[in-house]
Amino acid sequence: MTRKICVATALAAAILATAATFAAASAQAANTEVKIDQFAFAPQRVTVKAGTTVTWINDDDIPHTVASSTKLFKSKPLDTEDKFSFTFTTPGSYEYFCSIHPHMTGAIVVEAATGSSAAQ
Amino acid sequence: MTSDQDDGRGVSRRKILECMTWAGTGVLWTIAGGVPRSMGIIGEATAAEPSGLTFLQISDSHVGFDKPANPNALGTLEEAVNKIKTMPVKPAFVIHTGDITHLSKPSEFDDADRIISQVRLDVHYVPGEHDVLDEEVKLYRDRYGRGTKGAGWYSFDANGVHFIGLVNVVDLKAGGLGNLGNEQLEWLEDDLKGRPASIPIVVFAHIPLWSVYPAWGWGTEDAARALDYLKRFGSVTVLNGHIHQIMQKVEGNVTFHTAMSTAFPQPAPGTAPSPGPLKVADDRLRSLLGITDVTFKRGQQRLAIIDEPLQG
Numbered sequence: 069m070t071r072k073i074c075v076a077t078a079l080a081a082a083i084l085a086t087a088a089t090f091a092a093a094s095a096q097a098a099n100t101e102v103k104i105d106q107f108a109f110a111p112q113r114v115t116v117k118a119g120t121t122v123t124w125i126n127d128d129d130i131p132h133t134v135a136s137s138t139k140l141f142k143s144k145p146l147d148t149e150d151k152f153s154f155t156f157t158t159p160g161s162y163e164y165f166c167s168i169h170p171h172m173t174g175a176i177v178v179e180a181a182t183g184s185s186a187a188q
Numbered sequence: 088m089t090s091d092q093d094d095g096r097g098v099s100r101r102k103i104l105e106c107m108t109w110a111g112t113g114v115l116w117t118i119a120g121g122v123p124r125s126m127g128i129i130g131e132a133t134a135a136e137p138s139g140l141t142f143l144q145i146s147d148s149h150v151g152f153d154k155p156a157n158p159n160a161l162g163t164l165e166e167a168v169n170k171i172k173t174m175p176v177k178p179a180f181v182i183h184t185g186d187i188t189h190l191s192k193p194s195e196f197d198d199a200d201r202i203i204s205q206v207r208l209d210v211h212y213v214p215g216e217h218d219v220l221d222e223e224v225k226l227y228r229d230r231y232g233r234g235t236k237g238a239g240w241y242s243f244d245a246n247g248v249h250f251i252g253l254v255n256v257v258d259l260k261a262g263g264l265g266n267l268g269n270e271q272l273e274w275l276e277d278d279l280k281g282r283p284a285s286i287p288i289v290v291f292a293h294i295p296l297w298s299v300y301p302a303w304g305w306g307t308e309d310a311a312r313a314l315d316y317l318k319r320f321g322s323v324t325v326l327n328g329h330i331h332q333i334m335q336k337v338e339g340n341v342t343f344h345t346a347m348s349t350a351f352p353q354p355a356p357g358t359a360p361s362p363g364p365l366k367v368a369d370d371r372l373r374s375l376l377g378i379t380d381v382t383f384k385r386g387q388q389r390l391a392i393i394d395e396p397l398q399g
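Going down the list, the sequences are from chains A and B.
Every position in the first sequence, counted from 1, becomes a number in my numbering once 68 is added.
Every position in the second sequence, counted from 1, becomes a number in my numbering once 87 is added.
Rather than coming from a laboratory, the hints here were simulated on the basis of the structure.
The beta-carbon is built from N, C-alpha and C at its ideal position, and this holds for glycine as well.
Each hint should be verified, as a subset may be incorrect.
[Said to hold, decoys possible] Among the chain A residues that face chain B by a calculated CB cut under 10 Å, a handful are:
1) Val102
2) Asp105
3) Phe107
4) Val114
5) Ala135
6) His169
One chain only, chain A, in its complex shape:
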C-alpha cells in the first residue's frame, strides 16, 4: 500500500479506534459501474471504498441523468450509451436520482478506504 504515513493515519486511527490497521487511502484507483437500464439504476445501491470512481452507463432508449440529492454532482442528460463518472473521496451515503424521471433513485455508500497498515 501507500507509504503515506502519519497524520492521516493517526487521525483515522483516532476516529476509528477499533480499526487496528489503517492507512490513508488513495492508492486504490478502483472503478465501479452502474447500469441504467429499464428506468432503473443497477445495482441500485453500491458500496465502494473512498477513492472509487463510479461510472454510470445509460443502456435505455430514453435519456436519463444522474443527479445527487444534495447537488454534489449532476450529469448532463445521458443519451443511449452515454457515460458519466464521479469519484467519491469522502465516506458517506450519497443518494442520487434521475432528474428527468425522479422515481428512479439510487445510492452510493462510500466506506473509508482500508488497507494494510503502511506505518504504525
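Assemble chain B onto chain A, guided by the hints.
Same frame as chain A, now just chain B:
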C-alpha cells in the same frame, strides 16, 4: 372511429376503449357546453358540428428520437401535421402538451418548428421533461416562453373557454412524480379567482395530473391542490401527454384525458418492465400514434374529444 355526440354526456367507456386501439395522430377536442369530448379521429370530428370551438392537441413529438421504436419521429410528426392540414374544417388553434424534442437540442427545436409551423395555426405549448434538459430551461423559454410565468405557465381565453397551460416537469424531487410547485399553484389560485363557476376550463400540462401509474412516475405530486382550486367549476377538462397512449377518467366535473404521441408508443401501465419506448411491428406503428381533436359546443356540459391515429 365514430364521433360521439348522440347523448351529450361525452364519450362512452366503450368508445374510449375503441379509441385505445388507435394509433397516432392527435386528439381533436370539442368543447360543447363546457366539457370536452373526444370525438375520435380528426376527419369525423370536424364533420360533426360547425358551431362552437374546435381545437387540436398534439403531444410528445420527440423530435430527434431515432431508436428502433420509430427511427423517424420527425417523419411521423410531419404526417400528423399533414393530417391537420387536410382537415375539412380548420381547428381554431393547436395545443402541444410537451416533449416537442427528445434531447432539448437547438437543432431539434428548429426541426420541430419547421414542421409544426406548417399547420399555419397558433400553437400553445407547455414543456415536457425532454424540453427542459438544459439547466436554466433557456432553450424552451426563449422560443415559447413569451408572455408566460415561471418555467412557462400561462392562461388565455377563447370562445368563452378559459385555457390554462401548466408546467409540471421542472424542479422534480428525488423519488417523486411530476411537480407544479408552490409558486405556480399560487398563480393558479389567483388566475381562477373571480371567474364564474360556469366558465368551462381546459387545463393542459405534460405529465398527467391524475395518478395514472406512480410506479412509473405517471402522476403529479401536488396536483391535488390544483384540482382543489378547480373543483368549484362546472366543467373542467384536463389534457395531458407523457404516457404516449390514450387514457381517460371522469371524476365529478373533471374529465382527464391523455393523448397519443406522434413519435412512439409506450406500454400500458405495468405490462412491461419499464415505460420505455414500445417497439411494435412496422405496420402497427401508425395505429398507435396520433392527434386529438376537441370540440366545445354551447349548451352541452362535455367537450367532445376525438383521438385520431395516423393510420387505422
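Each hint tested on the structure:
1. Taking 10 Å as the C-beta contact cut-off toward chain B, the hint placing Val102 of chain A at the interface is violated, the least distance being around 16 Å.
2. Residue-level restraint check for Asp105 of chain A holds (minimum Cβ-Cβ distance to chain B is 8 Å; threshold 10 Å).
3. Hint status for Phe107 of chain A relative to chain B: holds, with the closest Cβ pair at about 4 Å, below 10 Å.
4. Hint status for Val114 of chain A relative to chain B: violated, with the closest Cβ pair at about 17 Å, above 10 Å.
5. Checking Ala135 of chain A against chain B by beta carbon gives a least distance of about 8 Å; that is within 10 Å, so the hint holds.
6. Taking 10 Å as the C-beta contact cut-off toward chain B, the hint placing His169 of chain A at the interface holds, the least distance being around 5 Å.
Going through the hint list in order, the structure does not satisfy hints 1, 4.
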